[in-house]
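Going down the list, the protein sequences come from chains A and B.
Following the working numbering, the numbering of the first sequence begins with 5 at its first residue and continues without gaps.
Following the working numbering, the numbering of the second sequence begins with 5 at its first residue and continues without gaps.
Heads up, some of the hints might be wrong.
[Claimed, not checked] Okay, the calculated bits of chain B under chain A, using three or more residues with CB under 8 Å as the criterion: (1) 21-29; (2) 61-67; (3) 215-225; (4) 317-326; (5) 420-433.
Calculated from the structure, these hints are not laboratory results.
As the structure is a computational prediction, the values presented were derived from the model and not from experiment.
Glycine included, C-beta positions come from ideal geometry on N, C-alpha and C.
There are 2 protein chains.
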Amino acid sequence: MWTNAQNLALLERARAVIPGGMYGHQSTGMLPREFPQYFQRASGSRLWDVDGNEYIDYLCAYGPNLFGYRNPVIEQAAMDQTVQVDSATGPAPVMVELAELLVSMISHADWAMFCKNGTDATSIAMMCARAYRGRNKIIAARGAYHGCAPWSTPLRAGTTHEDQANVIFFDYDDIESLNQAVKKAGSDLAGIIATPFWHEVFVDQFLPTKAYAQAVRRLCDEHDALMIVDEVRAGFRLSRDCSWGEFGVQPDLSAWGKAIANGYPLSAVLGSEKVRQAASSIYVTGTFWFQAVPMAAAVATLKIIRSTDYLKHIQEIGEQFRVGLEGQASAAGFRLRQSGPSQMPQILFEDDPDLRVGYAWARETLKGGILVHPYHNMFVSAAMTTDDVRKSLDATARAFELIKRERDHLPAPTNASLLKRLEMKGRLPAHA
Amino acid sequence: MWTNAQNLALLERARAVIPGGMYGHQSTGMLPREFPQYFQRASGSRLWDVDGNEYIDYLCAYGPNLFGYRNPVIEQAAMDQTVQVDSATGPAPVMVELAELLVSMISHADWAMFCKNGTDATSIAMMCARAYRGRNKIIAARGAYHGCAPWSTPLRAGTTHEDQANVIFFDYDDIESLNQAVKKAGSDLAGIIATPFWHEVFVDQFLPTKAYAQAVRRLCDEHDALMIVDEVRAGFRLSRDCSWGEFGVQPDLSAWGKAIANGYPLSAVLGSEKVRQAASSIYVTGTFWFQAVPMAAAVATLKIIRSTDYLKHIQEIGEQFRVGLEGQASAAGFRLRQSGPSQMPQILFEDDPDLRVGYAWARETLKGGILVHPYHNMFVSAAMTTDDVRKSLDATARAFELIKRERDHLPAPTNASLLKRLEMKGRLPAHA
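With these hints in hand, go ahead and build the complete structure from the sequences.
As C-alpha cells, this is what we get:
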C-alpha cells in the first residue's frame, strides 16, 4: 500500500533548515504533493522513497543515470579508484586517460577540461569563446536552459542587468532571428551557444532543422566566432558523438555533464585545436574538479558507451513506452503530446493549459510505482527492460482509467509558483 | 631514490589532450619542475606520486583533507551511504540531517543550502544578498580570492567589463577604504563579502583587526545590507564556528566548502533567518548538488569536528613545524617569513622577490619526502603527528643545508607565467 507519511514528515523538518524545504531542479515544490522528495535506495532502473515505495524511475536523476543506478561495472571502477586516491593535492593518472578517451570519441575534440557542474562547463565554454578573439558577445536562444549562473539562470532574482548585458537572445531554430542577433553583435561576436534540441519545461520538445544547425556553423565561421554546443542534458542519449553530427555540423566547443560518469559528479568542456590557446589563458578551477573517482567512473561509462548497443536499446525502450501510452490515451479518450526523442520523452496532454490532467495522471502513475514527470523531459536508462515497460504500462493504464472517470472533476493546480511559471511560458494568460 | 620519470611522461601525454597540460589551482605549471602533478595513492597524512615517492602532504588537497586521507570513520559513513543511494532523482534524508547539524553548530545559521564548488557558495551568497532588498552592489576586498566565476576570477581573460560592474573593491583591513566603497555603493549596497584572514598567494598572511571586522558588521547594519563571510578556505581550521566569532562578529551569510566533507565534493551556504525569503527566491541548482554520499561524509566530518580536540591538535602540529623551521632557518643564515595561523601556514623567505630561494628550498624539501608550497598557503591535517613533524624537519634541515651551500648560485625562476604573477603582486618591478 502506497503511503507518504515519512516523506511529508521529512519535508516538514526540511522546511525549518532549508529555504523553501528544497530548491533547484529536484524540488518537488511545484509537483503534486504525493511526489516523493527523499529517496533511500537506488538500484538499476529502480528507486525507493523514504516510505519504502518502489518506483521505476523515468527521471534517472534528471539525466545522470544512463546505465542504471549502482551499475556494477561502473561501481567497481569507482571503488578501485576510491581505495587508491580521490581528492588530493593533484589529479590521478586517470585524468589523462579520460581526456584521451574523450578526444578519441568526440569528433571535434582535441582537448578536454574537467569541472563539476553543467553550469561550470557552459560557463567555461563561454569564457573560452570570449578569450579566443577578446570579444564579448555571446548569442543564446531565448528560454534555452544553459545553467544557473548569474548570466544564465532562468529566474532573475538575485542577478543584475549587467549579468546578461553581453548575451544576445534570439528565437531557437529561426534563422532570421539568428541573423539579426549576429548583426546586433557586430564585430564583438565571441560565440553562439546552441542547444541540440529544444528540451525546455512545460512545452513540446523538438529537433531543429538541419538548415538551422548549418546556419549556426556558417555564421560562426564567417565572423571568426566560436560555436558551442551544450550537450549537458542530451549528451550520449542522442548520439555517441556531438548531437548535430547527423547534420554534418561540428562545434568548436562542447559542454558535457550529467550522464558522462553515470551519476558521479563530473562535467567537461571539449574543444578544438584552434581554441586550445584561449582555453589555456583563462583561470577557472574548483576544489573538487580533479577528484579521481568520478573520472574513473567516467572512463568506465565511456567504455560502455563505446562498446555496447545501449543507444539502440534506450531508443527502443522509449519507443515501446511511447507507443503503449499512445494506445492507452486514445482508448481512454485523451490526446497526448509526446515529443522529443523517445529516450528523452516529454509527455504533455492536449487541451491541458493548467496541467490539471497531466498532474492527475502523473500522480496516479506514481502511486502505481512509476516515476514520471508532468512537465519536465524524462530520461530512459539502459538498465530499463521490456518487462519494466510492461509494468510501467500496467500502472499508466490504471492512471488513464482513473483520470477518465474523474475527468470533469480534476482540481486545477493552485500552487502559486507553478501558476507563475505557466504564465511565463504562455500556457496561461497573465493573472489567470 | 627519488625520481620523477613517470610524472614527466604523464605530463607529456597530458599536454596533448588538456590545455597547458593542466589548469587551475592544482597545476604545477608555475612550480619547480620536480613537483609531482599526478598522484596514485593517499592515506592519512601521506601521498604517493606516480613514481612511487611518498610525501607528508602539507597541501592537504589544498584544504579538503582535514582528518587524513581515507579517514576510516568518514570513509565508512560514505560507503554506508554509497550502497544505498548517491545521485538520484531527489536527495536522501541525510540532506536534512546535515542541514540540521550545520544549523546547530554555526551560530549565525538558521538554514543551509548545498552546492559543489566553493565558487557556487560565494556566488549564491552574493545572489541572496542581491535578492534581499533588490540591490546590486557587492563590496569585496581588492585581490581577495572568492572563486573563479566571471565576477570573481583573479585573471580576467575570457571575462567582460560588465562581469565586475557591480563589484566595488576596497583595501582589506582598511576601514577608511571600506567606508569609501560603502559611500560609492550609495543606496544600491546589497552586501559586503569578507575573507576571514588574508590568505593570498605570494604574500604574507594576516588576520584583520577586530575594529575592521566590527566595521564590516556595523556598515552592513546601517545600510540594511548583508554581511557575507567566505569561510571556504579557512572554515573549521580557525574555529568550529565562523572565523570572526572571537571578534564578536557574526555574518548574515557564510560560504563553506573544502574541508566540510573531508574531500568529498560539497560546498554550502549558511544563512540567517532574515535572508531565508531571499534565498528561496533565487534559482540555483546543479546536477550533483543533492548527491547523498558527500552529505553523509560531511555529517561524519562535522561530528568529529564537534567532538574531538582536533583544532588544538592541528594548531600544535603547525606550531611545532613553525618553531622547528624558524630554528633551522636561523642556523642556516636565512630569515623566514612565516605568516598566518600555524595550521594554515604561509612560508616565504625574506629578500627573495623572485622566489629563487623559496623554490630551491621547496624543491629540496620535496625530494626529502615533504610536500610544501613556495607561495601558496599550506594546510595541516589532524592526521599529522609529532613524528610526522620530526620527519618533516629532518627533510627541511637537509634542504636548508643545501640552499645554504648553493646560496649564491641559485637560479632565478624563468617561468613566464610566474614572473607575470610576481609582477602583478608587486614583488618584481614591471618588465623585470
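Hints versus structure:
no. : hint    : in the structure
1   : 21-29   : holds (count 8)
2   : 61-67   : holds (count 6)
3   : 215-225 : violated (count 0)
4   : 317-326 : violated (count 0)
5   : 420-433 : violated (count 0)
The earlier numbered hints that this structure contradicts are 3, 4 and 5.
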